[in-house]
Amino acid sequence: MLENVDPFLLSRIQFAFTVSFHILFPAFTIGLASWLAVLEWRWLKTGDAVYAEVYRMWVKIFAVTFGMGVVSGVVMSFQFGTNWSQFSDRAGNLLGPLLGYEVLTAFFLEASFLGVMLFGWGRVSPKMHFASTIIVALGTLLSAFWILSANSWMQTPQGFRVGENGLMVPTDWLEVIFNPSFPYRFAHMLVAAYLTCAFVVAGVGGYYLWRSRHVRHARVMFGMAMIMAVFVAPMQLVIGDFHGLNTLEHQPAKVAAMEGLWETQRGAPLNLFGWPDQDAETTRYAVEVPNLSSLILTHDPNGEVKGLKEWPREDRPPVAWVFWSFRAMVGVGMLMIATGIIALVLFIRKRLFDTRWFHLWCMAMTPAGFVAVLAGWFVTEIGRQPYIVYGVMRSVEAVTPMAGEPVLMSLTAFVFTYAFVFGAGTYYILRLIARGPSTEEPTYGSHGVDQPPLVTQLVKESGGKDV
Amino acid sequence: MFDLSGLVNLPLIWYGLIITAVILYVILDGFDLGVGVLFPFAPSDRCRDRMMNSIAPFWDGNETWLVLGGGGLFAAFPLAYAILMPALYIPVTVMLLGLIFRGVAFEFRFKANTSKRIWDYAFHFGSLLASFMQGAIIGAAVQGVDVAGRRFAGGTFDWLNAYSIMTGVALIFGYALLGSTWVVMKTDGETQRWARKSASYVLGFVGIFLAVVSISMPMMNMDIRHLWFSTPNIYYLLPIPVATLALFILIWHGLHTGREFRPFFLSIGVFLSGYAGIGISLWPWIVPFAVTYRQAAAAPESQSLLLVGTVVMLPVVLGYTAYCYYIFRGKASHESAYG
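Respectively, the protein sequence lines represent chains A and B.
Mapping to the numbering used here: the first sequence position 451 is 451, numbers consecutive.
Mapping to the numbering used here: the second sequence position 235 is 235, numbers consecutive.
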């Protein structure tokens, strides 16, 4: 029937699809968890109910998003085995313990204290509740630490040797965990997550301001988000630059693809736009800025930059994907920085909360972080190709030796399931936003769970008498 | 390089730890999957709300044990992971899809108005599918896995046969027993009365399925038959079926004498004894009848590193998990004052 379906291509599409969906949720919840901790701290500190009301609105959105992140994440932890079994066999010694640490130090922490955070109002003291929020936020950061360490090791592997059967065996764990690209990728992703959340919050706050609804709450949301846009968005540019330089050092072919540069040259131009043609080994219709690429990458206008022709054709990543994803990421980043600058100017002129076009602008920027995160991951993951462990193991060696049909079936099932489930999730989140913060007494937190019974009752019950 | 293999038997410890993680998963997610299995049979929406409330703070933590089981297998026995996952490609994938539907139902259901019914069924069928596939995975595994070299050598549908379908259905009933006795413990009134009836009903099926599995496993495999029925093994192993029988009688008794806690904890006992029976039968295989736990063990450096983390973190995890169960002790209410 379907004899020509390629399990390798389908497995790649399936992994790309499921992981791209999955990353949207952590990218949002990492920032949201930290922000909720800040809100609760402000509330406990000032006693101003507006912070509690904003918290209660966003904790519901957090719960929905986190739930979707959990279920899409469980899928990831099995796909290494189902679709990439040869990779699991050969690299399991290295990556297995890193993922194991992620589960032990982060997943349990998040999952357990999320319950307290959502349903614990009135059951634990306000301080304990605040502690739970902080613990959940900490859990998201720890989780990011381990998974980014594992991913970075695949980009810049070290601290191992290749033993019999091609199995990779660790020789130095510190070198494995703190591999060269890890600190940069970790910083870049965390800041990206904070910005993603900030722009969602800005969009929602902007929407309320624009509609003149929930204005007190909206000012908290919008104001805090703009602080992030003003200070953190430019920071990301600097971190990104460092990350790029690190990539140039360890994965120069990826950088050449990002730049769409084919010839090794001094004083390399920056291709603003163009159409990289993998077969013809050239970037068509290029709009160039002379010497800028050398300046950015070597911090010297006449520095030498390697072109893609340095590598044999079969060792080059798919250039157009990397080239365009990179431009999308940088473009969105620039818009974020511009948003921060505008916000600063409006703030100085005391017009931040009543400039309607700017609120509209921020509403339009709501998905900006998601776009940038996805584009950035496309750059780094597609740029790693054709390797799964850079320079050590090719992706094509990693795939499970199996027929294509089951992969086609599972991919189809994932696409339909995700479209339905996460479509519904988005709808419920939008409805929560439309409803807005409630100034009524909190009922969410109790979650309809009765107060704990008295100790005497417990004793009676465990004593086994009929109650 | 950091290596504890001179001090302790790393593969054996890890075999024990994976077995522990899996049984903790089976028990903990078992009761909330079981609640999902029973969901549409509850007498009213009030009951359903109550059942949902009784597990809402816990399901996420419970499911994390599955990730630990999978992640732990990947870390400590990568070869087993690399053979079993492709062998179980379809049941694992369908289980994951089931877990997606039921997992999101918790949050969506409380946010929905008109579409609440959709998420009731998503919760039920997701739980049902995940339970069935987990049972089928066990049934497929005990029949052995086709391996050539370091790879799965069988076909996509090797896992599917009458026996694995039977074990799939068996686990649905097993989880339903855990779920119904959990509901007995966490509710009262109408919901509890219904849960008691359901538990008694389900208990009979669990007994039948457990008997079928206990008889069929030694019949299917010479080694297992020899293990259980040769002397002196039979004297050492006889307490397991005897204790199981006693547990069934005690659960029945507890359900009909108004006990609230006992049926649930005794049901856990049934799972433990069934699990012990399967575990003893499969020793020392990690990919049944093809790869032992020693052959599949990760490098000692890898097992050592994660062992240190586990020794430190596992008690902490168990500690705060217990704390969370303590916070949400007592009866759950029907009020869905959620959102």
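Hints are computed from structural coordinates only; laboratory data are not their basis.
The structure displayed is predicted, hence computed values, not measured ones.
No residue lacks a Cβ here, since even glycine has one placed at the ideal position from N, Cα and C.
It cannot be assumed that every hint is accurate.
Derived CB-CB ranges, DEER-like [said to hold, decoys possible]:
id	chain 1	residue 1	chain 2	residue 2	range
1	B	I234	A	Y427	57 to 67 Å
2	A	P318	B	V312	17 to 27 Å
3	A	E405	B	R193	30 to 40 Å
4	B	D3	A	I227	21 to 31 Å
5	B	N9	A	E281	41 to 51 Å
6	B	R46	A	R431	36 to 46 Å
7	A	E405	B	F205	48 to 58 Å
8	B	R193	A	L360	37 to 47 Å
9	B	I234	A	A419	19 to 29 Å
10	B	D45	A	R216	33 to 43 Å
11	A	K309	B	A153	54 to 64 Å
12	B	I280	A	E405	36 to 46 Å
Here is what the structure says about each hint:
1. Range check, B/I234 to A/Y427: about 60 Å between beta-carbon atoms, so the 57 to 67 Å window is met.
2. Our hint of 17 to 27 Å for A/P318 and B/V312 is violated, since their Cβ atoms are close to 43 Å apart.
3. Checked against the hint of 30 to 40 Å, the C-beta distance between A/E405 and B/R193 comes to roughly 49 Å, which is inconsistent with it.
4. Checked against the hint of 21 to 31 Å, the pair B/D3 and A/I227 fails, with Cβ atoms roughly 49 Å apart.
5. Between B/N9 and A/E281 the beta carbons are some 56 Å apart, a value that contradicts the proposed interval 41 to 51 Å.
6. Between B/R46 and A/R431 the beta carbons are some 24 Å apart, a value that contradicts the proposed interval 36 to 46 Å.
7. About 35 Å separates the C-beta atoms of A/E405 and B/F205, a value inconsistent with the hinted range of 48 to 58 Å.
8. At roughly 57 Å, the beta carbons of B/R193 and A/L360 sit outside the given window of 37 to 47 Å.
9. Taken as a hint, the range 19 to 29 Å is violated for the pair B/I234 and A/A419, whose Cβ atoms sit roughly 55 Å apart.
10. At about 37 Å, the CB distance of B/D45 to A/R216 agrees with the hint of 33 to 43 Å.
11. Between A/K309 and B/A153 the beta carbons are some 42 Å apart, a value that contradicts the proposed interval 54 to 64 Å.
12. Restraint check, B/I280 to A/E405: a C-beta distance of roughly 37 Å satisfies the suggested window 36 to 46 Å.
Hints 2, 3, 4, 5, 6, 7, 8, 9 and 11 from the earlier list are contradicted by this structure; the remaining hints agree with it.
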